[in-house]
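> Chain by chain, the residues run as shown.
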Amino acid sequence: MTTLHIDWTACHGRGLCAELLPELLATDPWGYPIARTGGDVDVPAELHADAVTATKFCPRLALRLRAR
Amino acid sequence: MTDALWYLGRGTGVMALVLLTISVALGVAARSGEPLGPLPRFAVTAVHRNSGLIASVLLVGHVVTLLLDPYAQLKLIDVLVPFLGTAEPFWLGLGTLGLDLLLAVVVTSLLRMRVGVRGWRAVHWVSYAAWPVSLLHTLGMGTDAATPWLLALSVLCFVAVAAAAVYRLTLRAEVSR
Ligand code: SF4
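So the protein lines, in turn, are chains B and L.
Heads up, the first sequence stops at 68 in the working numbering, and the numbers go up one at a time, no gaps.
Heads up, the second sequence stops at 177 in the working numbering, and the numbers go up one at a time, no gaps.
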């Protein structure tokens, strides 16, 4: 199991991550991602590949995947 | 055979410019922070990355075929060090310069997770030099220089990037108002 951590100081609210992980992330009115579960996001195994894509596509490198 | 190399060398060069233009235009437009119409942002980013990478592969093809081609008389040193060439050193040098700059951009992008966002961004600015230098090289160098079709294509490339820049600047002006 991995968790997805969002670095708020780096994030510019471009919303790419929410497009790639709609199951886990919603966007607030300014485009910033909000975890549907609050805090760091638990990434289920079947979404792991999408989460990796999101970390690679974030223009600000604000996403980190952490093994738990 | 040598004719094939000659045509391949020119063709890959032109295609590299087209793909580089697509990549730069999308990169400039995406930096506005606004989506491009109905396109998802990650899709724009994906095309930006992939067209840049394909342009680099074509560029390797461009350089290698012309190195092997006896007409082109390209020396190995001219591939890396600009403005030393014997035939048309200025126009060839622009191509070499574009290649060197693009190499830096591509390598830091492939290693982006390791380089970190600051270093990557700093180097990525170099793209704004690499693209016009490549465009000039296309216009001035070699057999096809200033043929009508190549001129038309170059104008199209210029218009694409200029349009992206205008799009981004107008959006930015709206935001700051
Ligand atoms: S892709 Fe990155 S910068 Fe954009 S909203 Fe998500 S975390 Fe923030």
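Treat the hints with caution; some may be incorrect.
As the list claims (entries may be wrong) - Counterexamples of contact, computed for chain L against chain B with all Cβ distances above 12 Å:
hint, residue
1, ALA46
2, ASP69
3, VAL106
To be verified - Chain B residues, not near chain L, derived (Cβ > 10 Å throughout):
hint, residue
4, TRP8
5, PRO29
6, ALA49
7, PRO59
Unchecked claim - Just the calculated beta-carbon pair ranges, DEER-fashion:
hint, chain 1, residue 1, chain 2, residue 2, range
8, B, ALA26, L, GLY37, 16 to 24 Å
9, L, LEU111, B, THR27, 26 to 34 Å
10, B, ASP7, L, LYS75, 43 to 51 Å
11, B, ALA49, L, ALA104, 26 to 34 Å
12, L, PHE83, B, ARG68, 50 to 58 Å
13, L, TRP125, B, MET1, 44 to 52 Å
14, B, ASP7, L, LEU111, 51 to 59 Å
15, L, TYR7, B, ARG68, 52 to 60 Å
16, B, ASP7, L, VAL60, 49 to 57 Å
17, B, ILE34, L, ALA163, 29 to 37 Å
18, B, PRO29, L, ARG118, 38 to 46 Å
If you're looking for bench data, these hints aren't it; they were derived computationally from the structure.
Every residue gets a Cβ at the ideal spot worked out from N, C-alpha and C, and that includes glycine.
> Do LEU111 (chain L) and THR27 (chain B) keep their Cβ atoms within the hinted range of 26 to 34 Å?
Between LEU111 (chain L) and THR27 (chain B), where Cβ atoms are some 29 Å apart, the hint holds.
> Is it true that ILE34 (chain B) and ALA163 (chain L) lie within 29 to 37 Å of each other by Cβ?
holds (34 Å)
> Checking a non-interface call: every C-beta of chain B should be farther than 12 Å from the C-beta of ALA46 (chain L). Is that right?
violated (8 Å)
> Does the no-contact call for ASP69 (chain L) survive, Cβ to all of chain B over 12 Å?
ASP69 (chain L) clear of chain B: closest Cβ-Cβ about 38 Å, beyond 12 Å.
> Find the nearest Cβ of chain L to the Cβ of PRO29 (chain B) and say whether that gap is larger than 10 Å.
Per Cβ check, PRO29 (chain B) is outside 10 Å of chain L; nearest 15 Å; holds.
> Please confirm whether ALA49 (chain B) is truly not at the interface, meaning its C-beta sits more than 10 Å away from all C-beta atoms of chain L.
holds (14 Å)
> Take a look at whether the Cβ-Cβ distance between PHE83 (chain L) and ARG68 (chain B) falls inside 50 to 58 Å.
holds (55 Å)
> That 43 to 51 Å hint for ASP7 (chain B) and LYS75 (chain L) (C-beta), does it hold up?
Holds - the Cβ-Cβ distance for ASP7 (chain B) and LYS75 (chain L), about 48 Å, lies within 43 to 51 Å.
> Return holds or violated for the Cβ distance of PRO29 (chain B) and ARG118 (chain L) against the range 38 to 46 Å.
At roughly 29 Å between Cβ atoms, ARG118 (chain L) and PRO29 (chain B) fall outside 38 to 46 Å, so the hint is violated.
> Kindly confirm whether 26 to 34 Å is satisfied by the beta carbon distance between ALA49 (chain B) and ALA104 (chain L).
holds (30 Å)
> Taking 49 to 57 Å as the stated bounds, is the beta-carbon spacing between ASP7 (chain B) and VAL60 (chain L) within them?
violated (36 Å)
> Could you see if the CB distance from ASP7 (chain B) to LEU111 (chain L) stays within 51 to 59 Å?
violated (19 Å)
In summary, the numbered hints that this structure violates are 1, 7, 13, 14, 16, 18.
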